[in-house]
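2 protein chains.
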Amino acid sequence: MQHKIFIYNTLTRKKQEFVPLIIGKLGLYVCGPTVYGDAHLGHARPAITFDVVSRYFSHIGYKVRYVRNITDVGHLTDDVAETGEDKISKKARLEQLEPMEVVHQYTESYHDSMRALNVKSPSIEPRATGHIIEQQEMIRKLLELGFAYEANGSVYFDVLKYNEKYPYGTLSGRKVDELLENTRELDGQSEKRNSYDFALWKKATPEHIMRWSSEWSEGFPGWHMECSAMSTKYLGKKFDIHGGGMDLVFPHHEAEIAQSTAVHGHDSAQCWMHNNMITINGQKMGKSLNNFINLDELFTGTHELLEQAYSPMTIRFFILMAHYRGTIDFSNEALQAAEKGLNRLLSGIETLSKIKASSENTLDVEKLTNKCYEALNDDFNTPILLSQLFEGVKSINSIAAGNEKIDTAGLDALTKLFHNFTFDILGLKSEEEDVKDGNDLSGVLIEMLLNMRIAAKENKDWATADKIRNQLTEMGIVIKDTKDGFEWEIK
Amino acid sequence: MQHKIFIYNTLTRKKQEFVPLIIGKLGLYVCGPTVYGDAHLGHARPAITFDVVSRYFSHIGYKVRYVRNITDVGHLTDDVAETGEDKISKKARLEQLEPMEVVHQYTESYHDSMRALNVKSPSIEPRATGHIIEQQEMIRKLLELGFAYEANGSVYFDVLKYNEKYPYGTLSGRKVDELLENTRELDGQSEKRNSYDFALWKKATPEHIMRWSSEWSEGFPGWHMECSAMSTKYLGKKFDIHGGGMDLVFPHHEAEIAQSTAVHGHDSAQCWMHNNMITINGQKMGKSLNNFINLDELFTGTHELLEQAYSPMTIRFFILMAHYRGTIDFSNEALQAAEKGLNRLLSGIETLSKIKASSENTLDVEKLTNKCYEALNDDFNTPILLSQLFEGVKSINSIAAGNEKIDTAGLDALTKLFHNFTFDILGLKSEEEDVKDGNDLSGVLIEMLLNMRIAAKENKDWATADKIRNQLTEMGIVIKDTKDGFEWEIK
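Line order of the protein sequences matches chains A and B. 1 is the number of the first residue of the first sequence in my numbering; add one for each residue after it. 1 is the number of the first residue of the second sequence in my numbering; add one for each residue after it.
Incorrect hints may appear among the rest.
Pairs involving identical chains hold if they fit within one copy or between any two copies, as the list cannot separate such chains.
Said to hold, decoys possible - With a straight-line cut-off of 20 Å between C-alpha atoms, the simulated SDA-like cross-links for lysine to any residue are: (1) 25 to 93; (2) 237 to 332; (3) 371 to 391; (4) 175 to 304; (5) 141 to 359; (6) 480 to 350; (7) 367 to 485; (8) 467 to 454; (9) 416 to 366; (10) 233 to 209; (11) 91 to 233; (12) 141 to 218; (13) 237 to 209; (14) 284 to 245; (15) 467 to 447; (16) 4 to 179.
I should point out that these hints are in silico values taken from the structure, not numbers from a laboratory. Keep in mind the model is a prediction, meaning the values are calculated, not measured.
Make the full structure from the sequences, and use the hints.
Here's what the structure looks like:
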């Protein structure tokens with residue numbers, strides 16, 4: 001099957017057909033976390049969004065090189081003004097650790113959360129501190145080409161100069177004149193020719209711990225440099241898709257485009273994809289609002305805004321219920337609805353596994369399959385895909401109830417469809433699998449008890465039969481008598 | 001309790017009392033893996049050895065900064081001659097991947113294996129490619145000080161020059177004159193003034209992918225540079241313990257000592273600790289001998305030399321059964337003995353948890369505790385520690401059988417002793433915990449069946465009673481009738 005995939009390109013503000021630079025290969029770069037705190041909902045959304053993008057391209061036969069970086073230097077406490085302390089150094093000072101201990105701790109914590117969410121590891125996970133030389137080389141080129149200037153040991157990107165040759169602000173829809181009016185003149189910015197110029201290299205103040213030698217000063221790279229340098233190193237001067245959260249459009253991605261264009265003569269990415277933001281009970285997430293929910297708090301239900309724990313797969317399902325470009329509002333009601341939806345989908349797949357093929361067929365599995373692919377081919381529309389899968393679940397239940405029929409070929413195709421889309425592409429999984437060994441034994445024991453119950457009934461020992469049923473029911477095991485014997489499931 | 005810890009220092013060939021550079025703090029650097037293949041037994045031993053060292057210092061109140069590096073560049077296929085291809089680039093060429101994809105894949109695989117072995121993550125895990133600038137700075141200093149020379153864009157350490165000022169070869173017991181006689185003159189070494197000089201920076205050949213700019217050439221650092229640069233960055237010019245496998249003593253650690261001493265005027269580490277090697281059925285491990293067993297193969301029993309799968313905790317226990325400075329020979333018999341030993345220890349702890357305190361006490365727990373500490377204080381003697389713990393298990397069984405008595409304070413102390421040494425310090429764990437949720441349900445179901453068996457016996461329904469017993473026995477559940485009813489365990 002040939003797939004025409006349409007993706008909304010933030011740069012052109014249009015859905016455009018995706019044409020890879022090299023047939024059968026996808027180069028994907030996504031901005032990863034700044035590792036100075038535990039992963040929260042704001043990290044889960046881009047990770048899951050681009051995990052599905054990467055999984056889908058792999059599924060349809062692409063060889064994917066997925067690069068997702070770790071920002072471990074250069075991200076200052078005041079992003080816009082580019083002043084303040086390095087976010088990691090600040091955390092290191094507060095926790096009395098060496099900055100790289102902070103980086104290690106929170107990188108591990110991020111990986112743990114991603115594993116829980118069944119987000120696959122990317123192909124390469126480069127770190128900003130691991131690419132200082134590559135960043136310095138790019139800064140050197142920008143200076144040579146006249147798109148940057150040095151001031152007191154720091155180097156800044158010259159936006160006005162760039163704007164004379166290439167349009168600045170296309171991605172975010174900003175114009176340089178407007179930028180000038182809207183930016184405050186701040187202390188420490190006086191080195192810059194214009195307030196909207198941004199740092200490529202910052203001279204380290206004496207108390208700044210994270211520093212490297214350079215011809216300009218002992219200092220550290222500006223936050224935007226790393227992505228330009230690392231995407232070029234691992235994906236080349238031009239690659240297919242650059243992704244990230246919508247909050248990164250300005251200034252981060254705008255700066256990246258300017259840096260890469262200035263050096264290469266063209267933008268680095270063919271297509272810019274941005275996932276939308278998450279609100280909590282209708283409010284923006286923010287530390288001051290005390291609605292900043294860590295993923296671990298969600299998994300354990302320990303934040304005061306949460307009525308219960310939500311499993312990683314519930315969170316994943318919840319994020320997939322919305323299209324990546326739409327906002328999502330997290331609330332207990334919405335999460336509980338996601339939990340139910342996930343269970344309905346997984347129960348449907350469980351029922352499907354028990355269906356026996358008939359000689360007749362009343363179901364058009366091919367049509368359903370095509371609709372599933374169409375949903376993803378249309379800008380990765382996961383909510384439409386899920387609604388198609390739920391149509392499929394309805395059909396499964398109809399077959400199980402004997403109202404529809406499916407033949408062997410149809411059953412194989414339907415099973416493949418559900419496994420491909422639910423597990424391989426959407427990356428959902430049954431969370432009971434995690435305790436599989438134990439559950440296998442439980443299953444054997446339950447069947448042993450239910451066989452004893454049948455024997456008791458045959459002996460008209462109703463007391464024993466009822467006792468077994470009642471005790472199992474108390475344990476949350478649902479028993480259904482069938483004409484062949486019994487079925488059971490753990491609630 | 002004050003602890004005098006004695007450690008065998010490879011440098012002085014003596015057990016010496018450990019005195020930290022800063023009271024209450026431990027700086028520990030250990031050479032980690034070169035990530036171009038799955039982790040094998042040779043990776044498990046140093047990881048477990050120094051995990052116990054780090055855990056023990058933490059246990060007795062030290063604040064530990066444990067740095068374990070990832071070598072992702074510079075390790076050539078012919079270590080001794082310093083020629084051939086970069087090990088990672090070679091793997092990348094064979095697998096048609098970008099070198100950093102190889103690094104990512106095998107770093108993840110290493111982490112997975114370490115997690116399975118319950119090896120704690122270090123405080124910092126720096127990568128060689130992430131510290132090119134730091135390595136270049138150190139090379140620059142060596143050139144300035146006259147301990148290095150440039151030749152055709154490569155830079156070499158001048159061993160003869162160094163040996164005029166500081167003794168070279170102390171760690172490995174080699175003398176420069178002997179080195180000269182014993183080293184072959186090889187192609188590509190002609191740039192070197194002497195065959196035992198080693199590379200600090202190598203100019204990249206045109207086909208060499210992993211390269212960085214420098215004033216000498218586009219090239220890459222020599223393998224030994226990274227550890228000197230990274231240990232200095234994260235632990236300072238002088239730190240407490242440097243660890244690694246005995247195979248690293250020469251040339252790697254000897255070169256590290258020379259580099260650091262040349263720059264700092266003194267060796268970087270106070271104490272050099274080396275774990276001994278592993279043989280397989282009496283033979284050295286080697287790819288050509290087909291006895292190179294990956295950890296995953298051990299965990300799943302899929303290597304042709306293995307009679308069965310061995311769990312990660314069996315491997316861990318097996319490694320701890322030998323003193324770290326002794327060789328270990330892996331064989332099926334030895335691993336099966338380790339499996340039994342581990343089960344005996346864990347069953348003892350299980351029995352301990354069921355013991356009820358008496359008003360009398362016949363056991364000297366304090367004496368046993370002191371012996372356990374003494375074992376570790378004497379150069380981390382884990383086999384002696386285990387023998388003390390087995391003495392403790394004997395006492396536990398005597399108490400359970402009513403032959404010895406323990407009071408409340410004694411029971412608390414004994415429980416603390418076993419938990420501290422078995423779980424916190426030796427890092428062992430019950431592997432059943434991993435499937436706990438499932439097993440809880442199984443336990444309830446087993447007890448339900450055993451109660452039905454008692455009821456059947458009371459009704460003189462021997463057929464049913466026997467049937468329950470037989471079926472459970474078939475599932476590997478061992479039933480023991482007691483005067484109060486029954487006991488059971490899953491084999």
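Hints versus structure:
1. 25 to 93: between (44 Å within a copy, 18 Å between copies)
2. 237 to 332: Close neither inside one copy (45 Å) nor across copies (53 Å); limit 20 Å.
3. 371 to 391: Classified as within; 11 Å inside a copy, 68 Å across copies.
4. 175 to 304: For residue 175 and residue 304, neither the intra-copy (43 Å) nor the inter-copy (67 Å) Cα distance is at most 20 Å.
5. 141 to 359: Neither, since 70 Å and 81 Å both go past 20 Å.
6. 480 to 350: Answer is within: at 15 Å inside a copy they meet the 20 Å cutoff, but 38 Å across does not.
7. 367 to 485: This pair counts as neither: shortest intra-copy Cα distance 36 Å, inter-copy 61 Å.
8. 467 to 454: both (12 Å within a copy, 15 Å between copies)
9. 416 to 366: Answer is within: at 11 Å inside a copy they meet the 20 Å cutoff, but 63 Å across does not.
10. 233 to 209: between (27 Å within a copy, 11 Å between copies)
11. 91 to 233: The answer is between: 19 Å across copies meets 20 Å, while 29 Å in one copy does not.
12. 141 to 218: both (19 Å within a copy, 17 Å between copies)
13. 237 to 209: Between. Shortest inter-copy distance 17 Å satisfies the 20 Å Cα cut-off; intra-copy 32 Å does not.
14. 284 to 245: Result: close within a single copy only, 14 Å intra versus 52 Å inter.
15. 467 to 447: both (15 Å within a copy, 14 Å between copies)
16. 4 to 179: Cα proximity of residue 4 and residue 179: none, with 38 Å in one copy and 66 Å across.
In the structure shown, a violation is registered for the earlier hints numbered 2, 4, 5, 7 and 16, in ascending order.
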